[in-house]
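Read off the chains here:
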Amino acid sequence: MAELMYWEALRRAHDEEMTRDPLVICMGEDIGVAGGTYKATNGLYDKYGPERVIDTPISEGGYTGVGIGASFIGVRPIIEIMSVNFAWLAMDQLFNTAAKVRYMSGGQLEAPIVVRSPGGTAHQLGAQHSARMEKVFMGIAGLRVVTPSNSRQAYGLLKSAVRCNDPVFINEHELMYNMKGEVPDEEYFMPLEGSEVAREGSDVTLFGYNISVHWCLAAAEILASKHGINAEVIDLFSLSPLDRDGIKASVSKTHRAVIVEEAEPAVGVGSEVMAIINEECFFELDAPPVRVSAENVPIPYNHKLEKMAIPTAQHVVDAVLKQLGLS
Amino acid sequence: MKPADKKRVLKEMLFARRFEERCYEAYVERKIGGFLHLYPGEEACAHGVLEAARPGHDYVMTSYRDHIHAIKSGVSPKAVMAELFSKETGCCKGLGGSMHIFGAEHRFMGGYALVGGPFPLAAGIAKGIKLKGGDEICICFLGDAANNQGVFHETMNMAKIWDLPVLYICENNLYGIGTRIDRSTAVVDQYKRMSGYDIPSAQVDGQDIDIVYDAAKIAVDHVRSGKGPYFLELMTYRYRGHSMSDSNAYRAKEEEQMWGKRDPIIILRDRLIEAGGVTLEEYEQMDSEIIAEIEDDIIKFAEESHEPSAELLDKYVLAENDPWVRGGAK
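Protein chains in written order, with the working numbering: chain A, 1 to 327; chain B, 1 to 330.
Rather than coming from a laboratory, the hints here were simulated on the basis of the structure.
Values in this document were obtained by computation on a predicted structure and should not be read as measured data.
Keep in mind that the hints are not guaranteed to be accurate.
In the EDC-like style, the derived pairs of lysine to aspartate or glutamate whose C-alpha atoms are separated by at most 16 angstroms in a straight line are [unchecked claim]: (1) Lys160/B / Asp55/A; (2) Lys78/B / Asp210/B; (3) Lys160/B / Glu51/A; (4) Lys132/B / Glu264/A; (5) Lys307/A / Glu295/A; (6) Lys7/B / Asp210/B.
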């Protein structure tokens, strides 16, 4: 099993799918000649040419619509939006058309596109380059949302997303492209629905996704080594739909839930997971579920304030201790 | 257009007029719900352009004023009317409605309700045509007011730099909902806006189908020959309000009367009568037959069809049994 960086895993998935099917194309800003801001399409322009590796103008709504239109007649576009902040500009095409076209045409057309875009707060990028907007995408019927937390998931989710007939939004993270992880040498496909147990435990469930899985895992180590608490970590790689069965199974085992998200708390993953817990397994709970979320502020430029806005593993540890009445 | 075709097209345009007028009545009778945007006055646009193209082979899409473009592309008028009546026999099984008529088997790629939404979708279909190597083109009909949305500019730029086989037809009916074009738009002549994208364009009378056809022929030939996009502006007028909820109080009666004298159906009819291609009696006979067909055949079908079954409620949200959702066939 090879160790690949997250971007290398994405690049491998692009390359394999483009080799397999001449109608798989990729498009986005600087993805061709320049090789991609995060290198996910590095070298593909030379290999597949400008008709299939398309450098777009800075026109997010426009080129996302172009990808959707092409998908109506069998093209499989992988659209990279350089930053999720720019994906706001493509929401009309994604929500009004890609997510609805099968439905409103009575099953005649569908939009099998993949949109990849990094969200998250990186280093001092300021308010308009630090958004976490998975919460916006996951509330749209007809659109799948997945979010890889490691290289294996990045590879396997993109592979399945390209082949799936639904539009899939892949929420990546600016800080994770150089993160290393094992990826199977043979072809590998992740399911687009479900969750993974990232760490087995018995005392409390920490729900994370994308980068917050890593905070949860770090918190679980601290909880185990310093406090003797055995936390389970559930990786919610699918945000739409969320894995009701997986959430229920883990909470029914540990009877406690802490949901960890990099985004602001309102109308987000945490609130949705809490709602599912209420609906599926309320009477399994030994304590009210807790959210660990970002501060409800635009992200500041100042590095010290920026760090204050975003949760850390220590915040997760503190939330667990408080929930257990130990602090 | 050949003389023999003109008589057929006259009949099609008259059918389009009567079909839309009957929709108006059905809306008043509450048989049709939601929003309803009608096409009377603009018939020469869709018919002239699509006569010059190859409907069923070429891809066609438009906005929400879409019934006639769908029918001219080959979608059955019964299926369109049943859709308006929200029946399961409708072309979209009653899930789409007036603004979302689709006929994929005829390559009618839909009616969309965001005015500029189809601009990039049409360019994308054209990109797909190019990748697959066919000689089809994509024809996108939109209103003048759509040109004030951002994706208009984004798409024209991309269509040009990528030489896409897409033909944009601007049906300029002078009003964006209830606002006259000179109050909303800095450059009133829409074809001039193409100079910013180096896209060839033309502006012609959209009420005279012979003129529309000739201009469309040039445009279609240009696009099909691989020379890239083209933009054709057709000056036209809608007789009714923007939609049924529109009181139409914003237009001067004199203006309406002036355009009423340039009715596209009457222009073609009188020209054909003069050329001996049709007599007034034949035309009147044609009209009564159309009215009877709409009533006895189309409306009856829509009325008698059943409502969509409850299982359709969530049938088309996500792909059914897509193996990749489970990570492939295991």
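Each hint tested on the structure:
no.	hint	result
1	Lys160/B / Asp55/A	holds (14 angstroms)
2	Lys78/B / Asp210/B	violated (28 angstroms)
3	Lys160/B / Glu51/A	holds (14 angstroms)
4	Lys132/B / Glu264/A	violated (44 angstroms)
5	Lys307/A / Glu295/A	holds (10 angstroms)
6	Lys7/B / Asp210/B	holds (12 angstroms)
Going through the hint list in order, the structure does not satisfy hints 2, 4.
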